[in-house]
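*Asks:* My request is simple: use the sequences and hints to build the entire structure.
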Amino acid sequence: MKTYPNRNTRLIFLVCATLLTASVRAQESAPDTATPVQAKDGGVASDTVFELSPFEVSASKDNKYMPTNAASGTRIALPLESTPLAISIMTSELMKDKGMENINEAIRFMPGIRRNANNSDQFTIRGFQARAARRNYFSDAADLSEGRGRNVSAEIERIEVLKGPSTVLFGFGNPGGVINIITKKPLNKQRTSVSLEAGDFDLFRGTIDVTGPLAKLGEAQLLYRVIGSYEDSGGFRDFESRDQKFVNAQLQLNFKRTQLRTEVRFQDLKEHEAFILMPFEPNTGTLALPERSYNTAGPDTYANQKQITTSVELTHTFNEHFSMRAAAARDEHYYDAVRRVGAQIPANQVPLSMASTVVVTGNIDDDKRAIDSWQVDFTGSFDLPFGKLKTVVGASSTDAAARIATFVNNNLPQRNFPIFNIAARNYSVGNLSDYVPQSAGTTRETRLDKVYYALGTLTAWNDRLTLLAGVGHGTSETYIKQVLATTPADVGDFKVTKPQFGASLRILPKTFLFANTSESASANLRFPDTPEKGKSYDVGIKVAAEKFSGSVTYFDTTRENIQVQVFNGLTGTTTFELSGEEQAKGVEVEFQYFPSNQFQLVGSYSYMDTEVISDNQRPARVGTELPDTPRNSYRLWAKYTLDKGPFKRAWIGVGYLFTDKMRGNRNPANFRIWTDSWSRIDASLGYDMKIGKTNVNWVLTMENLEDKDYIDYMLIRGRPFNARLSATFTF
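Take 1197 as the starting number for the sequence shown in the working numbering and just add one per residue.
It is worth saying that the hints were derived from the structure and are not from the lab.
No experiment lies behind these values; they were computed from the predicted model shown.
Quick reminder that beta carbons are idealized off the backbone N, C-alpha and C, glycines included.
Some hints could be false.
Stated by the list, open to error - Below, computed lysine-lysine pairings styled on DSS-like, alpha-carbon distance capped at 27 Å:
id : residue 1 : residue 2
1  : K1466     : K1441
2  : K1385     : K1691
3  : K1584     : K1452
4  : K1385     : K1840
5  : K1380     : K1452
6  : K1380     : K1502
7  : K1385     : K1452
8  : K1412     : K1380
9  : K1886     : K1292
10 : K1412     : K1889
11 : K1452     : K1412
12 : K1677     : K1691
13 : K1646     : K1564
14 : K1691     : K1292
15 : K1586     : K1646
16 : K1412     : K1381
17 : K1889     : K1381
18 : K1731     : K1677
19 : K1564     : K1677
20 : K1889     : K1844
21 : K1840     : K1886
22 : K1380     : K1886
23 : K1586     : K1381
24 : K1904     : K1743
25 : K1584     : K1706
As the list claims (entries may be wrong) - Pairwise CB distance ranges, derived in the manner of DEER restraints:
id : residue 1 : residue 2 : range
26 : I1877     : S1577     : 32 to 42 Å
27 : K1844     : E1516     : 16 to 26 Å
28 : L1704     : A1416     : 26 to 36 Å
29 : E1528     : K1452     : 30 to 40 Å
30 : V1546     : I1618     : 20 to 30 Å
31 : T1713     : D1689     : 23 to 33 Å
32 : S1810     : K1466     : 35 to 45 Å
33 : A1919     : K1844     : 47 to 57 Å
*Replies:* Written as C-alpha cells, this is what we have:
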C-alpha cells in the first residue's frame, strides 16, 4: 500500500493553472511602460521579424534565460508558447550564473527530471528511465547497454527536454521523455572566451572557446570553432579525484542557402571513482550513514573513459517553402576500470544498531561501444486559405555495437568492509588473477534501429489554433551473444507504428491551452522479442507575456514490459529482469518572471503520484511508489543586478531547492528503503566589468550554504558546503 494519503492530482493542476492565468491578467491590466525600440534614424523600429533557419533555435533578445522557440519536439524551430508539447529548456546563461558545473546540476532545475546513476550522466523523466542525453539528436554510445558516460558543459548551448513519449521523431525511447543537448556552433564574428575556475575539493578548471570566420572562398565563408577544457579536481569522499580533458573542433561552410558543418570531439576522463551508495539492508529498509567522506573504493581503484565523436551536418534551403537537413555521426566510447563495489549490509546485522560491515566485491570492466547514425529531414511550409502548414518528413538509422567484459572477485582480502570503524578498513583490490568472468561471460551486442516519420503542424484561425499530428514507424533488430550463458546467443526483432496528436488554443493574447497524446516503444536489449511500451497524455496551459512566461502541465503516463537492472550487493554481479507495469501522473509547473532589467526569478515545481501496477518478479512492490521519485520538489532562483553606484553591474543570486522523501534507488530489490526529504540554499555573487575591449565576468558560487547532510538521489549523499570562483575573459 502507498505510504502517502491519496491526493487529487487534477485539483493541484487546476489551482496552479488558475494562478498562472491570474498573473497574466494582472500583467495585461498594468500600464505598459516599456520604451519603444529606436530605429537608427531615430524613429520607432518596425515590427518586421526575420525568421531563422527552420532548424535553428534562439533565446529572447531581452533575456538570455528565456528561450523563445524549441526544435526537439518537432525537428523544426517553433514558438514555445503555441507548440502543443511540454518542453523544458535550460540556457547556457542560466547555467553560468547558477554555477552549474555539469548537466546534472542543470537538469535538477527542471521539473520531474532526476539524475539516476552512480557515476554516469543518466536520468529519469516523470519517474521513468530516460537514460543518457542525446547530443544534437544523436544517441551517445556510452548509453548503450547500461554504459557510463559523461557530458562536458563547455560545449552546451542549451538543454531541451521533450516530455512524454517521443517515438515519432526520436525513434525508440522512454515514455517519460527525451533529453537533447544543443551544442555551440561556429559564429560569423570573431570571439574568444577564456575561463578559469578554482574552488573547494582541489578544483581547477580551465576552458577556452574560440570562434569566427576563417576564410572567404568566393561567395562562400568558412567559419570555425574550437572549444577546449581541462579539469583537475578531488572530491569530498576519500580517494576521490578526476582528470578530464576535452576538445571540440568544428568547421562550417556557408554558401548562399547551404551550410555544411563538420565536428570532431574527444574526451579523456580518468577518475578515482567513488562507490558512493550508502550502506543498506534491502529486506528491512535499513540505511546507515557513516562519515561524509565514506567510500568503499580505495587508492588502487580507477575508471578511465575515452570518447571520440565525428559528425557532419548539411542543411539547405531550397526556397521559402522547402528545406532539408542531413546528418551523420560516429560515436565511440571506451571504458576500463578496477572498482570496489558494495553497499549491502548482511541480513544478520539488523537492526541498525548491529550494522557494522557491508559486503564488498572487486570488479574489472573492459568495455567498448560504438554507434553509427544518420538522419535526414525534409521540411515544408505552406500558406493555405485557412492557415499555415509546416511539415517534417524524415528517416533515421542507428547501428550500435558493444562488447561488455566484466570480471568479479568475491574473495577480496577484506570482503566485509567496516562501516564505522575507519581504522579497521582495508582497501585492497586483491590479486588480479583472482578475478573471474561474470556469470554470462563477455557480452557482445548489436542493434539496428530504423525509424521513418512524418509530422505536421497547422496554424489557423488568425494564429489562435495550432494542430499537430504525426506518425512514426520503426524497426529494431537485436543480436546478443553471451559466451557462458545457458543460451549463448539470442536474436530478436520487432516493428511498431506509433501516432502523436496535439492541439493548442490561444484563449487570451498571451495565454494558450494545449493537449497532446502519444505512444512509445523501446528495445529491451536482454529481452529482444519483448519491447517496452508506453503511452501518455498531457493537458496544460502556457503563458508568454513580455515579463512573465510559464506553463502548468498535467500528465498521465504508463509503461509496461520494463527491463530493470538488478545489482546483487552480496555477489557483485548484475542481472536483468522484466518487470510489469508502472504509472506516473502529476503536475509540472515552470515560470520565469522579469519585472525589470535588474530582477529575474526562475522557478519550477513537480508533483508526482506514481505507482507500481504489476511486477512479475516482485509482487510485494505492487501498490508502492516508483523508486527515486519524490512526491513534491521545487526549485527557485532569483537574481538581482545593481544598476547604480560604485557596484554597478554587480549582481547577487540565491537559489532554493526542496526534494520530498522517496523510495530507495532504481534497483527494484531496494524498494523498501526510504530517504528523508531535504532542502538546500545556494548563492552566487557576480560582477561584470570591462578592461579595454575585454569583458570580464566574475562569479563566486556557493553551494549548500547551511552545510546540510542529505541524500541527494538514489542512496547517494549530497555535497557539503563548497565554493568556487570563476573568471571569464571574452574578447
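*Asks:* Look at each hint and say if it fits the structure.
*Replies:* Each hint tested on the structure:
no., hint, in the structure
1, K1466 with K1441, "holds (9 Å)"
2, K1385 with K1691, "violated (47 Å)"
3, K1584 with K1452, "holds (26 Å)"
4, K1385 with K1840, "violated (31 Å)"
5, K1380 with K1452, "holds (22 Å)"
6, K1380 with K1502, "holds (21 Å)"
7, K1385 with K1452, "holds (17 Å)"
8, K1412 with K1380, "holds (22 Å)"
9, K1886 with K1292, "holds (18 Å)"
10, K1412 with K1889, "holds (25 Å)"
11, K1452 with K1412, "holds (13 Å)"
12, K1677 with K1691, "holds (22 Å)"
13, K1646 with K1564, "holds (22 Å)"
14, K1691 with K1292, "violated (43 Å)"
15, K1586 with K1646, "holds (24 Å)"
16, K1412 with K1381, "holds (18 Å)"
17, K1889 with K1381, "holds (23 Å)"
18, K1731 with K1677, "violated (31 Å)"
19, K1564 with K1677, "holds (15 Å)"
20, K1889 with K1844, "holds (18 Å)"
21, K1840 with K1886, "holds (16 Å)"
22, K1380 with K1886, "holds (24 Å)"
23, K1586 with K1381, "holds (25 Å)"
24, K1904 with K1743, "violated (35 Å)"
25, K1584 with K1706, "holds (20 Å)"
26, I1877 with S1577: 32 to 42 Å, "violated (47 Å)"
27, K1844 with E1516: 16 to 26 Å, "violated (45 Å)"
28, L1704 with A1416: 26 to 36 Å, "violated (47 Å)"
29, E1528 with K1452: 30 to 40 Å, "holds (35 Å)"
30, V1546 with I1618: 20 to 30 Å, "holds (22 Å)"
31, T1713 with D1689: 23 to 33 Å, "holds (27 Å)"
32, S1810 with K1466: 35 to 45 Å, "holds (43 Å)"
33, A1919 with K1844: 47 to 57 Å, "violated (24 Å)"
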